[in-house]
Amino acid sequence: MTDIKRTTIVLFSGDYDKAMAAYIIANGAAAYDHEVTIFHTFWGLNALRKDEDIQVKKSFMEKMFGKMMPRGAEKMGLSKMNFAGFGPKMIKDVMKKHNAIPLINLIEMAQEQNVKLVACTMTMDLLGLQQNELLDNIEFAGVAAYLADAEEGNVNLFI
Amino acid sequence: MTDIKRTTIVLFSGDYDKAMAAYIIANGAAAYDHEVTIFHTFWGLNALRKDEDIQVKKSFMEKMFGKMMPRGAEKMGLSKMNFAGFGPKMIKDVMKKHNAIPLINLIEMAQEQNVKLVACTMTMDLLGLQQNELLDNIEFAGVAAYLADAEEGNVNLFI
Amino acid sequence: MTDIKRTTIVLFSGDYDKAMAAYIIANGAAAYDHEVTIFHTFWGLNALRKDEDIQVKKSFMEKMFGKMMPRGAEKMGLSKMNFAGFGPKMIKDVMKKHNAIPLINLIEMAQEQNVKLVACTMTMDLLGLQQNELLDNIEFAGVAAYLADAEEGNVNLFI
Chain A
1 MTDIKRTTIV
11 LFSGDYDKAM
21 AAYIIANGAA
31 AYDHEVTIFH
41 TFWGLNALRK
51 DEDIQVKKSF
61 MEKMFGKMMP
71 RGAEKMGLSK
81 MNFAGFGPKM
91 IKDVMKKHNA
101 IPLINLIEMA
111 QEQNVKLVAC
121 TMTMDLLGLQ
131 QNELLDNIEF
141 AGVAAYLADA
151 EEGNVNLFI
Chain B
1 MTDIKRTTIV
11 LFSGDYDKAM
21 AAYIIANGAA
31 AYDHEVTIFH
41 TFWGLNALRK
51 DEDIQVKKSF
61 MEKMFGKMMP
71 RGAEKMGLSK
81 MNFAGFGPKM
91 IKDVMKKHNA
101 IPLINLIEMA
111 QEQNVKLVAC
121 TMTMDLLGLQ
131 QNELLDNIEF
141 AGVAAYLADA
151 EEGNVNLFI
Chain C
1 MTDIKRTTIV
11 LFSGDYDKAM
21 AAYIIANGAA
31 AYDHEVTIFH
41 TFWGLNALRK
51 DEDIQVKKSF
61 MEKMFGKMMP
71 RGAEKMGLSK
81 MNFAGFGPKM
91 IKDVMKKHNA
101 IPLINLIEMA
111 QEQNVKLVAC
121 TMTMDLLGLQ
131 QNELLDNIEF
141 AGVAAYLADA
151 EEGNVNLFI
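Chains as they are written, first to last, in our numbering: chain A, 1 to 159; chain B, 1 to 159; chain C, 1 to 159.
Hints in this document: simulated from the structure, not taken from any laboratory.
Just to be clear, a hint being listed does not mean it is correct.
The list treats identical chains as interchangeable, and a pair is accepted whether it falls inside one copy or across any two copies.
Restricting the straight-line Cα-Cα distance to at most 25 Å, the calculated cross-link-like pairs of lysine to any residue (SDA-like) are [what the hints assert, rightly or not]:
#1 Lys80 <-> Gly142
#2 Lys92 <-> Glu35
#3 Lys57 <-> Val94
#4 Lys5 <-> Glu52
#5 Lys67 <-> Lys89
#6 Lys116 <-> Asn27
#7 Lys50 <-> Tyr32
#8 Lys75 <-> Leu127
#9 Lys5 <-> Lys57
#10 Lys57 <-> Leu135
#11 Lys89 <-> Glu139
#12 Lys96 <-> Met68
#13 Lys50 <-> Glu112
#14 Lys89 <-> Arg71
#15 Lys97 <-> Glu52
#16 Lys75 <-> Asp125
#17 Lys63 <-> Asp51
#18 Lys97 <-> Lys116
#19 Lys63 <-> Val94
#20 Lys75 <-> Ala110
#21 Lys116 <-> Phe83
#22 Lys58 <-> Gly87
#23 Lys5 <-> Met69
#24 Lys75 <-> Phe65
#25 Lys63 <-> Ile101
#26 Lys5 <-> Glu108
#27 Lys63 <-> Asp136
This one's a predicted model, so the numbers in the text were calculated from it and none came from an experiment.
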């Protein structure tokens with residue numbers, strides 16, 4: 001273990017509130033000089049989707065997944081009290097009132113703080129997501145790269 | 001890293017079964033002389049709510065959250081097989097039969113073992129929870145305090 | 001902390017996709033010479049169930065749990081987009097197309113790589129699961145054994 005502190009988060013969840021928690025911890029850790037990686041896999045990839053409809057060639061099943069999954073951070077639902085999509089609006093109203101930072105801006109902030117945002121290539125394949133559908137300036141890697149980061153640090157979370 | 005062993009758990013979930021897992025691990029670690037912190041954030045704060053109705057001034061939205069969220073550990077639902085609230089009763093019947101310890105007593109036990117119970121102030125704000133609505137003898141802090149504990153240990157879990 | 005790298009995963013979830021993530025990380029870590037333990041607790045025990053109906057003496061409640069919970073890895077549902085059981089079929093079709101490895105084979109692979117698969121005895125009791133209902137060549141232990149493994153390593157995940 002080196003002297004550099006390191007925080008590595010697997011973001012598996014596609015829930016708005018869980019992704020918020022991941023990015024709040026990541027931004028906090030970056031502010032305290034940790035080297036921080038967020039490895040987005042499965043539904044967590046949705047946090048990295050661009051919100052426009054990118055035209056790419058897809059199979060029927062990939063198109064279905066593409067349509068059913070939220071397109072970008074601000075379209076994600078809540079893990080609790082989602083109320084058919086009304087919950088996120090409630091949370092966002094409350095967040096606005098308390099000057100809390102929306103997820104999409106937490107992601108921007110993470111990029112500015114050099115948090116390494118990684119998209120898991122294996123699950124991109126499975127869900128039919130292509131590189132140009134995801135945000136710019138992210139990395140693409142697999143579980144080996146995740147482990148290489150994780151084994152160097154001690155704050156390792158699966159969210 | 002110091003010689004003292006340390007376990008730090010983020011309890012994000014408001015599910016009875018997940019909170020049980022968190023407190024069982026915490027109590028186990030405390031018994032093995034770890035310094036243990038449970039940092040309650042988002043729905044995990046509900047585990048710390050007093051079960052009576054505390055009169056505090058709240059906005060309309062805060063009142064709604066307050067009413068919809070479970071008031072205390074024993075009111076929480078299950079992450080699986082909740083069956084509109086019947087699941088928790090089933091689990092509790094089975095727990096009783098096997099002399100397993102209910103969550104509310106696991107929390108007491110944790111306090112007796114000096115597990116540090118922390119309520120995340122940022123999400124208390126968001127959900128409109130006030131200090132006197134939560135259990136006595138807990139701490140109030142933010143993500144910086146969480147990271148300060150987490151970076152000193154290696155058993156770091158997000159539940 | 002010893003020089004041997006160690007990855008310890010608590011598999012709490014009974015979701016097919018989360019269990020896949022756990023086993024993909026475990027197999028990756030084993031390939032990189034980590035000593036790996038997966039501690040199956042609560043609904044995560046279902047990943048270890050044999051798919052046949054084993055005749056054992058059970059109470060009424062235990063029988064109910066036994067019937068309602070998925071019997072083995074390939075019967076588990078998804079954490080997102082489960083669509084009353086249609087989601088897992090979609091995912092498995094897509095996995096087949098991409099030559100991704102089904103969960104049941106990821107578990108076999110883990111056993112071949114000497115990943116230590118542990119069933120949590122306390123939650124086996126609660127859910128009424130008996131040793132001969134679970135896969136062969138797994139271990140049976142409690143939270144103390146989990147902590148003994150976890151405190152020696154730094155990649156500690158709760159899934």
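Hint check:
1. Taking CA atoms no more than 25 Å apart as the test, Lys80 paired with Gly142 passes between copies only; the shortest distance there is 22 Å, against 30 Å inside one copy.
2. For the identical chains of this complex, Lys92 and Glu35 are neighbours neither inside a copy (29 Å) nor across copies (36 Å), given an alpha-carbon limit of 25 Å.
3. In this assembly of identical chains, the alpha carbons of Lys57 and Val94 lie at most 25 Å apart only when taken from different copies (16 Å versus 39 Å within one copy).
4. For a Cα distance limit of 25 Å, the shortest separation of Lys5 from Glu52 qualifies neither inside one copy, at 36 Å, nor across copies, at 43 Å.
5. Proximity of Lys67 and Lys89 under a CA criterion of 25 Å is satisfied in both settings, with 21 Å inside one chain copy and 18 Å between copies.
6. Proximity of Lys116 to Asn27 under the C-alpha cut-off of 25 Å is found in both arrangements, the shortest distances being 11 Å within a copy and 24 Å between copies.
7. Taking the closest pair of Cα atoms, Lys50 and Tyr32 never come within 25 Å of each other, the shortest separation being 29 Å inside a single copy and 34 Å across copies.
8. In the homo-oligomer, the alpha carbons of Lys75 and Leu127 lie at most 25 Å apart both inside one protomer (17 Å) and across protomers (20 Å), since each shortest distance falls under that limit.
9. For the homomeric pair Lys5 and Lys57, neither the shortest alpha-carbon distance inside one copy (41 Å) nor that between copies (42 Å) is at most 25 Å.
10. When the C-alpha separation of Lys57 and Leu135 is checked against a cutoff of 25 Å, the pair qualifies only within one copy, where the shortest distance is 18 Å, while the shortest distance between copies is 42 Å.
11. Proximity of Lys89 to Glu139 under the C-alpha cut-off of 25 Å is found in neither arrangement, the shortest distances being 31 Å within a copy and 30 Å between copies.
12. In this assembly of identical chains, the alpha carbons of Lys96 and Met68 lie at most 25 Å apart only when taken from different copies (20 Å versus 27 Å within one copy).
13. Taking the shortest Cα distances, Lys50 and Glu112 sit within 25 Å of each other inside one copy (18 Å), while across copies they are farther apart (40 Å).
14. Taking CA atoms no more than 25 Å apart as the test, Lys89 paired with Arg71 passes in both settings, with 16 Å inside one copy and 23 Å between copies.
15. Taking CA atoms no more than 25 Å apart as the test, Lys97 paired with Glu52 passes in neither setting, with 27 Å inside one copy and 27 Å between copies.
16. Proximity of Lys75 to Asp125 under the C-alpha cut-off of 25 Å is found in both arrangements, the shortest distances being 21 Å within a copy and 23 Å between copies.
17. When the C-alpha separation of Lys63 and Asp51 is checked against a cutoff of 25 Å, the pair qualifies only within one copy, where the shortest distance is 16 Å, while the shortest distance between copies is 33 Å.
18. In the homo-oligomer, the alpha carbons of Lys97 and Lys116 never lie at most 25 Å apart, since the shortest distance is 30 Å inside one protomer and 30 Å across protomers.
19. Taking the closest pair of Cα atoms, Lys63 and Val94 come within 25 Å of each other only across two copies (12 Å); inside a single copy the shortest separation is 34 Å, beyond that limit.
20. Only within a single protomer do Lys75 and Ala110 lie at most 25 Å apart by alpha-carbon distance; the minimum there is 19 Å, versus 36 Å between protomers.
21. Proximity of Lys116 and Phe83 under a CA criterion of 25 Å is satisfied in neither setting, with 33 Å inside one chain copy and 33 Å between copies.
22. With identical chains, the CA atoms of Lys58 and Gly87 are at most 25 Å apart between copies only, with a shortest distance of 19 Å across copies and 32 Å within one.
23. Proximity of Lys5 and Met69 under a CA criterion of 25 Å is satisfied in neither setting, with 34 Å inside one chain copy and 36 Å between copies.
24. In this homomeric assembly, Lys75 and Phe65 come within 25 Å of each other (Cα to Cα) both inside a single copy, at 15 Å, and across copies, at 21 Å.
25. Proximity of Lys63 and Ile101 under a CA criterion of 25 Å is satisfied inter-copy only: 22 Å between copies versus 32 Å inside one chain copy.
26. For a Cα distance limit of 25 Å, the shortest separation of Lys5 from Glu108 inside one copy, 22 Å, qualifies, whereas the shortest one across copies, 34 Å, does not.
27. For a Cα distance limit of 25 Å, the shortest separation of Lys63 from Asp136 inside one copy, 22 Å, qualifies, whereas the shortest one across copies, 40 Å, does not.
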